[in-house]
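Using the numbering used here, the first residue of the sequence shown is number 161, and each one after it goes up by one.
Think of the hints as simulated: they come from the structure by calculation, not from any bench.
None of the values given here were measured: they were computed from a predicted structure.
Virtual Cβ for every residue (Gly too), placed ideally from N, Cα, C.
Errors might be hidden in some of the hints.
Distance windows between CB atoms, simulated [unchecked claim]: (1) 263 with 204: 28 to 38 Å; (2) 224 with 248: 19 to 29 Å; (3) 250 with 220: 29 to 39 Å; (4) 187 with 209: 24 to 34 Å.
List of simulated lysine-lysine pairs, PhoX-like, C-alpha gap at most 25 Å [what the hints assert, rightly or not]: (5) 262 with 235; (6) 262 with 221; (7) 197 with 235; (8) 197 with 221; (9) 235 with 249; (10) 262 with 197; (11) 249 with 197.
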Amino acid sequence: MFLTSLLLLLIAGCVHSQIVLTQSESPVTVAPGGSHKLTCACSGFNLGGAIMHWIRQAPGKRLEWIIAYHSESIKSSAQSVQGRFTASKDSSNLYLHMSQLKPEDTAVYYCAIDSLWWISYRQLYKNYSTG
Numbered sequence: 161m162f163l164t165s166l167l168l169l170l171i172a173g174c175v176h177s178q179i180v181l182t183q184s185e186s187p188v189t190v191a192p193g194g195s196h197k198l199t200c201a202c203s204g205f206n207l208g209g210a211i212m213h214w215i216r217q218a219p220g221k222r223l224e225w226i227i228a229y230h231s232e233s234i235k236s237s238a239q240s241v242q243g244r245f246t247a248s249k250d251s252s253n254l255y256l257h258m259s260q261l262k263p264e265d266t267a268v269y270y271c272a273i274d275s276l277w278w279i280s281y282r283q284l285y286k287n288y289s290t291g
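Construct all of the structure, not just a fragment, from the sequences and the given hints.
Below you can see the structure in the form of structure tokens.
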């Protein structure tokens with residue numbers, strides 16, 4: 161239920177507030193044991209202060225949350241990717257660094273902005289612009 165809410169709020173945020181998260185749609189093939197880096201280009205908000213997530217969906221399976229990332233000191237990952245996947249970000253991009261890839265890592269990967277962070281951000285912006 162949490163992931164569904166997160167993605168729906170992300171879509172609503174993109175429509176109304178000019179938040180844009182862009183990912184490549186090109187499929188990538190990597191040999192088992194190999195490494196790959198995914199990039200999510202972010203605009204329309206301060207990425208530095210945002211809590212971001214990586215989510216994936218394997219063929220025929222449900223969405224799976226894999227990583228939450230704010231900073232090196234505030235991060236969390238699913239047991240299935242611990243020690244193999246890490247996240248990082250700069251001023252405009254969120255990255256997913258994947259190593260020791262396994263056949264079960266085959267999936268469509270999505271980046272998302274944290275819904276609770278976005279609600280707080282919008283309220284702060286509303287208070288600042290009206291006060």
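Evaluation of the provided hints:
In this structure, residue 263 and residue 204 meet the distance hint of 28 to 38 Å, their C-beta atoms being roughly 36 Å apart. Roughly 20 Å separates the CB atoms of residue 224 and residue 248, a value that falls within the hinted 19 to 29 Å. Distance hint for residue 250 and residue 220: a CB-CB separation of about 35 Å, consistent with the stated range 29 to 39 Å. Taking the beta carbon of each, residue 187 and residue 209 are about 33 Å apart, inside 24 to 34 Å as hinted.
Of the supplied pair hints, the one linking residue 262 and residue 235 holds, its CA atoms being roughly 23 Å apart against a limit of 25 Å. About 16 Å separates the Cα atoms of residue 262 and residue 221, which keeps this hinted pair within 25 Å; it holds. Distance hint between residue 197 and residue 235 is fulfilled; the C-alpha atoms sit about 18 Å from each other, no more than 25 Å. Between residue 197 and residue 221 the alpha-carbon distance is near 23 Å, which keeps this suggested pair within the 25 Å criterion.
Between residue 235 and residue 249, the direct Cα distance comes to roughly 12 Å. Compliance with the 25 Å bound is thereby established for this hinted pair. Straight-line distance between C-alpha atoms of residue 262 and residue 197 comes to about 15 Å, which keeps the hinted pair within the 25 Å bound. Using a Cα cut-off of 25 Å, the hinted pair residue 249 and residue 197 holds, with the two alpha carbons roughly 12 Å apart.
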